[in-house]
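**Student:** Keeping the supplied structure of chain A fixed, place chains B and C upon it in accordance with the hints.
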Amino acid sequence: MMHNSPALVPLLFLGTAISLPVLAIKKTKAAYPVTIVASFGSIIISSHNIFRVLRNGPLTYHFGGWFPPIGIEYMLDPLSSFVALVVNVIAFFVLWHSRGIQEREIPGKSVPFYALALLYLCGANGIIVTGDLFNLYVFLEIFSLAGYGLIGIGEKQAPVASFRYLIMGTVGASFYLLGIGFLYIVTGSLNMADVRNILPHIHGNPAVTAALSLIFIGMGIKMAIFPLHGWLPDAYTYAPSTSSAMVAPIGTKIAAYVLIRILFFVFGVEFVSRSLPITDLIAWLSAIGILYGSVMAMAQNEMKRMLAYSSIAQIGYIGLGIGLANPLGYIGAVLHILNHAFMKGSLFLVAANLRRKTGRSDIAKLDASLRKKLPWTMAAFTVAALSMIGLPPTAGFFSKWYLALGAIDKGNWVFLAVILISSLLNAVYFFRILEKVYLIPPPQTTGEDLRPEARKGWGFLVGEETYSLMIPVVIVSFSLLLIGIGNATIVKEVIQRIIPLGM
Amino acid sequence: MTSPEIYSSTLPFYAVMVSLIAMPLILLSSRHVILREFWTLAASIAKFSLVFLLLPGALAGRVAGFTFWEISPGIALALKADQFGVFFALIASGLWILTSIYSIGYVRGLKEHKQTRYFASFAVCLSATIGIAFAANLLTFVFFYEILTIATYPLVIHKETKIAVSAGRKYLVYTLTAGVLLIAATAWTYRTAGTLDFRAGGLFGDASFSPAAITALFLLFLCGVGVKAAIMPLHSWLPAAMVAPTPVSALLHAVAVVKSGVFGVVRVVGFVFGPALMHQFDLNIFLATVAGATIILASLLAFRQDNLKHLLAYSTVGHLSYIVLGAALISPASLVGGLLHIANHATMKITLFFCAGAIYVRHHKEKISELDGIGRVMPWTMGAFTLAAIGLAGIPPVNGFISKWQLGLGSLQAGELLPLAVLVLSGLLNAGYFAPIIFRAFLKTPTVPYEQGEASPAMVIPLVITAVLSLLLGLDPDLFFHFHRLAVAVSGSILGGIGQ
Amino acid sequence: MTDFLLGHFVYWSIIALLIIGLYGMMFKNNMAKKLIGMIIFQVSIIMFYVASAVKWAATVPVLDPATGVADAAKYISPLQHCLMLTAIVVGVATSGVAFSLAILIHRNYKTLEESDLLEHMKSS
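The listed protein sequences derive, respectively, from chains A, B and C.
Adding 56 to a residue's 1-based position in the first sequence gives its number in our numbering.
Adding 887 to a residue's 1-based position in the second sequence gives its number in our numbering.
Adding 1 to a residue's 1-based position in the third sequence gives its number in our numbering.
Same shape as in the complex, but just chain A (with noise of 0.2 Å):
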C-alpha cells in the first residue's frame, strides 16, 4: 500500500464514482455517505502522503511497473502533495454541505451530482499527481468533462451556461494537446521530467516555443486568465449553488498549478522568464485581470455573479505570483492556492446558505434580518471578506504580503500598487454587503421570531436551523485564521521545499 499511495486518491475516486450509481440503483440516498466517505478518505491518504513526502522525499509510483521514460509515472513532492490535500479538504467540506443543498436545487439528480463531484475529484486529483504530459491531459478531460456537467445539471439557464463553458474549456484542453505534441515531436518523451533534461539540449528550436505558447493559452483559457475569462462569469452564477461551491476553489487552482508545473519544472524558470518571457506576459494579463475582476465584481448586483468576476481577480494573484518568477511571487503564489481555496470555498457556501434561506442572493435585497436568521453564516461571511480584503491575522493578508515582497523583488512598482489598489476595491463590494447585512434594518416585520431569546442555544451563540449547513461553512472560514497565524510553518515546511532551480 505504501508504494502505491500517489496512485491511490485517483482511483479511490474513479472506482467510487463508477460503482455510485449501481450501489444507489434502490437507494438513492446512499449516494450521500458513500461519497463523503470516499471523500474522508482521500483526506487521510492525502494527508498521509504529505507527511511522508516531507519526512523522506518524493514519492514515485510507476504504472504496471514499467518505468518512465517509457511507462506511466505519478509522482509527489511537497508541490502536489500540497495541492491534492488542499483540493481534498476543500471538496470534503463542500460535499458535506451540499446534502441540504442539492435536495433543494437540483432535486431528483442526487446520484448524477454525486457520480460527477467524485469523478472531478478523480480528475483534479490525478492532474496533481501525475508525470506524464499525456496522462495529465487525459485527466484533464476528465476533470473538464465533470465540470461542465456538474454546472450543467443545474436549471435553465445552467446548461447554456455550460454549454459555452464546454466549447472554450475544450479549446483549451485540445491547445495543451497540441502543445504536447509539439514537445513530443521534437523530445520524443512525454515523461515530465524526461522532457526537463532533454529541453536544455534542444535550445533555440521554434517548436519549443510554439509548445510553451500553445500549452500557456490552453491551461490560460482552463485558468481564466484575462482575457481568456469570458466563460467563468456565466459558467459560476447560473451552476446550482453547490456545483459553483465545488468548482470555484478547485477549477481554476488545478490550471495554475498545471501551468506552474509546466512553466517551472519542464520548462524551467530560465527559459520562461529570461529566453522567452512568457512570465512577464503572464504578470501582466494577470494585474489586468486583477483590476479587471475587481471592477467587474463591484458593478454586480447578485452575489453568485459578484464572486465569479471576484475569482477572476483572485486567479490574477496567482497568475501575478507566477509571472514575477521569483521565490517570493511563487510562495505567494502557492499560498494564495490554499487561501483563494478555503475564502472561494466558504464564499460560495455562504452564497448558497442565502439562497436557501431566503431563495435569491441578490445584494440589494440583503438586509439585517440576516444577521438573526444566519448569524454563524454571516460571521463566516465576515472573516472571508476580511481575508478578501487582506487584513491580518486573517490568511489573506500573507499571500499579498509575499506578492508585495515578490513585486518589490523584482523592482516592478505597478505590480505592487496593483496588489494593494485591488484590496482597496475588495474592501468596497465586501463592505457594501456587510454594512447591507449588519446595519439595514429588514423592511418589516416577517413574523418570524428573530429575538435571540427565542431560539436555541445561549448568549451570542444562537444557532442556525440546520447543522449540516452551517457547520462546514464556520470551520472553512475560521480555518482563514488559522491558515494566516500559521502560515510561516506552511510557507517553511512545504513551500521552501519545492521552490523551482533557478529563482
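The hints are simulated quantities; they were obtained by calculation from the structure and are not laboratory data.
Keep in mind it's a predicted model, so treat the numbers as computed, not measured.
Where is the CB? At the ideal position from N, CA and C, for every residue including glycine.
Hints may be right or wrong, so weigh each one.
If you anchor each label on the Cβ, the simulated ranges turn out as follows [to be verified]:
id, chain 1, residue 1, chain 2, residue 2, range
1, C, Met-27, A, Gly-71, 38 to 44 Å
2, B, Pro-960, C, Ser-14, 51 to 57 Å
3, A, Met-354, B, Pro-1333, 47 to 53 Å
4, B, Ser-1095, C, Leu-119, 46 to 52 Å
5, C, Asp-65, A, Leu-67, 32 to 38 Å
6, B, Gly-961, C, Lys-29, 54 to 60 Å
7, A, His-257, C, Lys-123, 53 to 59 Å
8, A, Thr-545, B, Leu-1299, 50 to 56 Å
9, A, Gly-558, B, Leu-940, 49 to 55 Å
Some but not every residue of chain B turned toward chain A, in silico, with C-beta under 7 Å [claimed, not checked]:
id, residue
10, Val-1067
11, Ala-1071
12, Ala-1301
Simulated crosslink set (BS3-like; lysine-lysine; CA at most 30 Å straight-line) [stated by the list, open to error]:
id, chain 1, residue 1, chain 2, residue 2
13, B, Lys-1046, A, Lys-492
14, A, Lys-212, C, Lys-34
15, A, Lys-428, A, Lys-413
16, C, Lys-111, C, Lys-123
**Tutor:** For chains B and C alone, kept in the frame of chain A given last:
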C-alpha cells in the same frame, strides 16, 4: 549608556491577551448586564496592572520580550516592552479603566442599544492598542494596527444612523488606504534593510539610498501612520467620527487610535529611519513643516465649530501635531516634550470629552451656543473642563504647560525659531476657542433654565479624576508613572543610537 | 517557396482544419454549428499527431510476421496512434456531453441560436 538587556517574559503577552479573552466572555454575557460590565472592568484593571508590573523593569533599562511565533519566514510576531512601549501602554490601559466606568454610566444613562457589541469591540481595540505599543517589529506593528482599524469600525457606526454609517465609510476609506500604504512601506523596508525590528536610532544600518527612494519611502510611511495621527490633509475622518458615542470619541479618538498614529510616527522617525537618515535627506524639515501647518490650521478651524465634539476633534488634530513636531525636531527636549504630550494631551482631552458626554447625557445638548450658564448646574463637570482647557492652552500649573515648554526648548535646541512661534501662536488660539465656552458656561444666563443638574457619579468621578491627574502631572511629571523619566530615556535612546 | 508549401501540405491542411474549426466555434450563432466546429478542431489535432507518426517506406504499426520486430524503421510510430485512440475517445465523450447539453437547452428554450439564448438568460 548601557544597552538594555532583553529578558523573555510572558507579561507583555498577557497584557495584550487579557482583553481579547474578555471579548468572548462579554459576547456570551449579552443578556446579563452586570456580568458584562464586570468583565470589562476586570479586564481593564488586569491589563493596567500587568503593564504597571512592566514599569520597574523598563525604568531600569530591562526590556521584557515575548515572541509569539514566526509569521513570515524570518519575521516573528513579537512583543517587546521597551520604554516607549510601556509609556504608551500605561496611558492607554490606565485611561481605559476610567473610560470603562464612564462608559457604563453613559450607556446606562442613554439606554443605548447594542451594548454587547460596544463593550466587546472596546476590549478588542484595547488589545490591539497594547499590541501596537509593544510591537517589536514593523510587521507586528502593522498586524495590530490593522486589527485596530477593524475593531474600531463597529464603534464608529454604533448609532447606526445614516450619518454614522457614512462616517464609518469615510473612516474605513482613510484607514484602509493608509493600512495598504503602510504594508507597502513595510515590504519595501524589509527588502531593503533585511530586518523589520525596531531599533532606536534607525534600522537601516548602512544601506544607501537615492533621495527619491528615501523620500518616497518616508511619504509612504507618513501616509500610512499619518491618517491615524490626523496629520493634515489626512485628518478629515476624525471630525466625521465624532458621531460615535462620546466614550468612543474620548478613548479611541483622543487616546487609543490617534495616539497609535503618533506613536507610529515616532517609531518611524526614531526607530526605523533614525535621526541620521532624517537629517541627511531633510525629511525632518518636511515633517516639521507639515506638523506646523496642521497645528495652525486645525486651531483656526476649531474656532468655526459650534458642535462641541467637533471643536474638540479639531483641537485634537492640532495637538497631535505637537507630538509630530516634537518628533520632527529630533532634539533631546523636543522628543521629551513630544512624548510627554502623548500622555498630557491624553489626560486633558479625555477630560474634555468626558465633559461633553456628560452634558449630552444629562441635558441632550451638543452645540456650544446652547451651553449658556451650564457651569452653574454642572459645577464639577465644567470645573474639570476649565482645568483641562487651561492645560491645553499651555498655561501652568496644568501638565500641558510642561510638554509645551519642553517642545519650545527643543525647538531652540534644534536651532529653529519658527516652531517656537507656531507653539506660542497655537497656545493663544487654544485659549481663544476655549475661553468663550468657559465664559458662556459660567457667566451667561440660560434662556431656558436647565432641568437637570450634574451627570451620574459614574460619569463625573472619572472626569474629575482625569482633570486632577492633569493638574498633578503638571506639578510633578514623574508622579505615579514616571512619565518624565521614561520620556527622557526614550529620547536618549533615539538620539544616542543605542539599539534597543 | 513551393517546396515550403507543398512539402508541408499535411501541416497546412491541418492548420486549415484548425482555423475552420475555430471559425465555426467563434463566429457561428447556432450551438450545433459551434459543436461541429469544435469537433473539426479536435479532429485537426488528432490528424496532427497521426501525421507526425509517419515514416518513409514504413507500414502500419501492426505486427507483420514477415517483417518482424527487429527494424523499428519499418513500422510507423505506434505511440501517437495510441495517444490518439485515447484522444478520439475523449472527443466522443465531449461530443456526447455537448449534445446532451444541447438537447437540454433546446428543451428549455426551444432554440439553439446563441443570441436568442443570451437574451433569454438575461431576462429570466
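**Student:** Flag every earlier hint the structure violates by its number, smallest first.
**Tutor:** 4, 12
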